[in-house]
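Protein sequence lines, in the order shown, are assigned to chains V and X.
Residue 268 in numbering that gives the first Met the number 0 sits at position 269 of the first sequence, with consecutive numbering throughout.
Residue 143 in numbering that gives the first Met the number 0 sits at position 144 of the second sequence, with consecutive numbering throughout.
Mixed in with the good hints, there may be bad ones.
When the alpha-carbon atoms are kept at most 30 Å apart in a straight line, the in silico DSSO-like pairs for lysine-lysine are as follows [said to hold, decoys possible]:
id : chain 1 : residue 1 : chain 2 : residue 2
1  : X       : LYS92     : V       : LYS395
2  : X       : LYS295    : X       : LYS504
3  : V       : LYS314    : X       : LYS504
4  : V       : LYS284    : V       : LYS124
5  : X       : LYS256    : V       : LYS314
6  : V       : LYS63     : X       : LYS92
7  : V       : LYS127    : X       : LYS219
8  : V       : LYS71     : X       : LYS273
9  : V       : LYS314    : X       : LYS161
10 : V       : LYS71     : V       : LYS412
11 : V       : LYS124    : X       : LYS295
12 : X       : LYS146    : V       : LYS314
13 : X       : LYS295    : V       : LYS63
14 : X       : LYS146    : V       : LYS124
15 : X       : LYS273    : V       : LYS64
16 : X       : LYS161    : V       : LYS412
17 : X       : LYS219    : V       : LYS314
18 : V       : LYS92     : V       : LYS124
19 : V       : LYS405    : X       : LYS273
20 : V       : LYS92     : X       : LYS146
21 : V       : LYS92     : X       : LYS273
22 : X       : LYS173    : V       : LYS314
23 : V       : LYS64     : X       : LYS219
24 : V       : LYS365    : V       : LYS279
25 : X       : LYS504    : V       : LYS92
26 : V       : LYS279    : V       : LYS64
27 : X       : LYS97     : V       : LYS412
28 : X       : LYS161    : V       : LYS92
29 : V       : LYS412    : X       : LYS295
30 : V       : LYS124    : X       : LYS173
31 : V       : LYS173    : V       : LYS163
Reference listing, derived: stretches of chain X covered by chain V, where coverage requires no fewer than 3 residues with Cβ under 8 Å from a Cβ of chain V [to be verified]:
id : segment
32 : 71–80
33 : 145–157
34 : 335–343
35 : 375–384
36 : 401–412
What the hints contain is simulated information worked out from the structure, not anything from laboratory work.
Note that CB positions come from ideal geometry on N, CA and C, so glycine has one too.
As a plain string of letters, each chain reads:
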Amino acid sequence: MKVTPKARIAAAALLITALSSAALTGCSASSSTTSGTSTGSSTLTLWTDALRAPALKAVATQFKKDTGVTVKFVIKDFATVDQDFISQVPTGKGPDIIVSPHDKLGAYVQNGVVAPIQLGDSASKYAKVAIQAVTYDGNVYGLPYSIENIAMVRNTALAPTAAKTFDDLISTGKASVAAGSAKYPFLLGLDPKQGDPYHLYPLQTSFGSSVFAQNSDGSYDASNLTLGDPAGVKFAAALKTWGAEGILNPNITAEIAATSFENGEAPYLLTGPWNIGAIKKAGIKYAIDPLPSAGGEPAQPFLGINAFFVSAKSKNKVAATKFLVNYLGTDAVQEKLYEVGDRAPALTSAFRKISASNPDVQAFGKVGLNGVPMPSIPQMGSVWADWGSAELALIKGQGDPATVWKTAVANVKAKIAG
Amino acid sequence: MAKTASVPKPPTPDKPRQSGRASTAASRRTAAGFVGGNRGTLGLVIKIILLGLFDAFAVWLVFAMSALQMWIPLAVTVVIAGLINWIYLGKGKRLPGKYLTPGVVFLVIFQIFVIFFSGYIAFTNYSDGHNSTKADAISAIQGAAQKRVPDSPTYAVNILRKDGQFYFIATDPKGVVSIGSDTQPLTEARNPTRDDTGAGTGLAGYETLTLSQVLSDQEKITAISVPVSSDPGGGSLRTDDASSAYLYKSDLAYDQKTDTFTDGSGAVYLDDGKGEFVTSGGQQLTPGWKIEVGFKNFTEAFTNTQLSGPLLRVTIWTSVFSIMSVLLTFALGLFLAMVLNHPTLRGKKLYRVLVILPYAFPVYLSGLVWAGLLNPEFGFVNQVLFGGAQIPWLTAPLLAQFSVILVNVWLGYPYMFLVCTGALQSLPEELNEAARVDGAGPWRAFRSIKLPLLLVSIAPLLIASFAFNFNNFNVIYMLTRGWPRFSDTTFDIGSTDLLITMVYKVAFGQGGARDYGLASALSILIFLLVGAISIIAFRRTKALEDIN
């Protein structure tokens, strides 16, 4: 009486255990054999964001048809995908391929999570700056697909011709303010808390100043911080003047700047392709001009390059490389990605095709040719905060330009040294 | 009810079970008596299925772990699985276990493991550049050291197989077809079959792999390195996509016996015991790997001179911020709760909804909105409320601290309002009447009767609120990022930084490198601080309980 139910329970549990463990081990065995010897069941995992995934669906279907390899898209938050990638690759749970901006490459290499890829002869089909951007320590790591940069957007009703120099631009701007047709001579979005070295960089480079020295192959030399050189100090002095004259205003955030320009309150806005849609919608007649020089040297914006990278721990390197080089590096895919992102394609032929029909892309692309890739070296992370707050202090009129600038540079150096 | 099991009563299934012992007796009866009954069978079946699935999972884990030779986790799995079976198959004293086990399992997985894991991280150098194991680091270094020989030709390759070994059949741009493997340098192939581009595709005696065969052996194929000649310095062919191969030379050689890398100039990179390969001259290879470093992360928090200066100021400000936040939110919340609790007030519900509103916004959103409102030139506060004055709400040190507290009070008072309303409504009205009869005015009644009674139930919440505000990362980061910045330190620390945002900046913001080890160590220090304060505070609130 007492034993029977217990024995029954035990027997039944044992039976189910045996059955389902057979099923489970069967599953795992069959999956390992299929991926081990037979065809068509291997999968490439690709981390991307919700915007880009639909643009890649068609090519993934084609790839599956040709090779039998399924491409699985995992939607990730673009802002934190680099951190997830770095922490998950070592566990073996990371993806095979990731879409990422190139300026994270230094951190990826530093952590050993990306594998070099060989673009071979197809490397010459991409914009040179794009290949430079995905090159680190002499190895190419990514397949670039888009380039983005800022340019000078002009309200053609307020300023009919492009300014040659920044001084010209300011005098035109001041004239329209004096005439009462505009509220601000020139707009640039700053952050009242931390400045914005990215948007100010073209002005800075036009004084001949840069952050890090560049090697002959376009890579950055982390041991040579050039921020504090005499050209940099000259730029610092100019910042203080502009701040005093009200040309730069630390309280104008990126949102305020964009909205004011859309309301026709300023003849010029220094911005990127991301604001063009709204400007068009607001009915502003605009032109996209090259960046005028303030200090006599060429004004070089930072370039952001988006690229596909292969994980160092990918077990599907052949499939991943094939997918990248032969399928993603094609006009069709790069044009599709342009359609969802509005950024100039990195593949030269695709860029030509699109810019023939789209003057905005052409104009931004032309400015980008003079640009420099944003440094991807990990040391770059030490620079932003001090750089931005020094610029902010000077625009607000605090302190002597040389002192403020040198202090910031000394702080950066201390941080890089650790 | 019936607490004595010694006097067995007939089971009364429709009555709720009252105590452990009685129910044990009852369940023994039901197990025997209701096996045939509906409820008993169903329960039994569900139990058998769940337990069976669990055991199946355990068996599968054991197989998987034994394949990976993870003996300690395997032993742990077996013990735990045995324990769970013992609990659920048995009776009597194991009954409490049946209820406790699921909770304990989840507690271990989601709390204890996490705490111990971050505790463990504090004793490692886990950070950017020390991200994985030594084996991973070595293979990453080797991979990055393989450099394509400049201007070398592209070879078209196919993969062949003979006796389980892989071969490259490589065609150079001139059309010469050669064959080679890991061990056999590249030699010209005689009479290969070619495709229409002239590239060699096969050779008698070798099997040409199809694409799907290649894909199923990808790892082995990408690891193949075919020397181009018997000279080891000549470089070797490698392929990433099994269709084109390139000539590579490595600038670093790894020697497994001595555990060293040697580069082309003869410099030797040794494992320095800090999780990286360095030369005697200090040249370092990346990446490094994760090792245990003892108390280094803890000592660094106190010995770094750039940190120890601001640390005191930040600690004082953190205390001021959390105490002020708690006191002000509590005062405002209590005041509103008393006012809106007045029996004769009309439209109470509407007012209550309005008062609770800030609670409904996500902190991120509120923080950003307030940052906009407080913009010195364009913000609503200056433009409308102060008639266009340029008050630097968020950029002057003292004003920024004031603004942060102001916004936090705005965010936090609805919570205090909620709990105070609840507590007020549970106070018996007679006490109030009794006080009035004794001649106490409203203030006296509040001060001597209501407040002490309220504090009995609310004091623990105030302590919790203090601990929460002590680590209130979101408000600070969304509103000021901790700035305006201190000018006397190289760290990006500023006047509104709390300890937790400071830790975040030190651990994740410097040099762009994330230092998980240091972050864990600093969070443990903060935990100890908050824990100590809370314990003291809880001790003191015990005095309040005597009021009841």
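>> Would the hint linking LYS71 of chain V and LYS273 of chain X be met if the CA-CA limit is 30 Å?
In response: Violated, because 39 Å separates the two Cα atoms, which is more than 30 Å.
> Are the Cα atoms of LYS284 of chain V and LYS124 of chain V separated by 30 Å or less?
Replying inline: violated (34 Å)
> Holds or violated: are the alpha carbons of LYS63 of chain V and LYS92 of chain X at most 30 Å from each other?
Replying inline: violated (59 Å)
>> Holds or violated: LYS273 of chain X and LYS64 of chain V, Cα atoms, limit 30 Å.
In response: Since the Cα atoms of LYS273 of chain X and LYS64 of chain V sit roughly 49 Å apart, the hinted pair is violated (cutoff 30 Å).
>> Hinted pair, alpha-carbon criterion (30 Å max): LYS146 of chain X, LYS314 of chain V. Please report holds or violated.
In response: Satisfied, since the Cα-Cα distance of roughly 21 Å is no more than 30 Å.
>> Hinted pair, alpha-carbon criterion (30 Å max): LYS256 of chain X, LYS314 of chain V. Please report holds or violated.
In response: Satisfied, since the Cα-Cα distance of roughly 27 Å is no more than 30 Å.
>> When I compare C-beta atoms, does the segment 145–157 of chain X have three or more residues closer than 8 Å to chain V?
In response: holds (count 4)
> When you check the alpha-carbon spacing of LYS173 of chain X and LYS314 of chain V, does it fall within 30 Å?
Replying inline: violated (33 Å)
>> Run the distance test for LYS146 of chain X versus LYS124 of chain V: straight-line Cα separation, threshold 30 Å.
In response: Distance ~21 Å between LYS146 of chain X and LYS124 of chain V Cα, so the pair holds.
>> Holds or violated: LYS161 of chain X and LYS92 of chain V, Cα atoms, limit 30 Å.
In response: Violated, at roughly 34 Å.
>> LYS314 of chain V and LYS161 of chain X were given as a pair; does the straight-line alpha-carbon distance stay at or below 30 Å?
In response: holds (23 Å)
> Can the restraint linking LYS71 of chain V and LYS412 of chain V be considered satisfied, given a maximum Cα separation of 30 Å?
Replying inline: violated (43 Å)
Violated hints, listed in ascending order, are 1, 3, 4, 6, 7, 8, 10, 11, 13, 15, 16, 18, 19, 22, 26, 27, 28, 32, 34, 36; each of the other numbered hints is respected by the structure.
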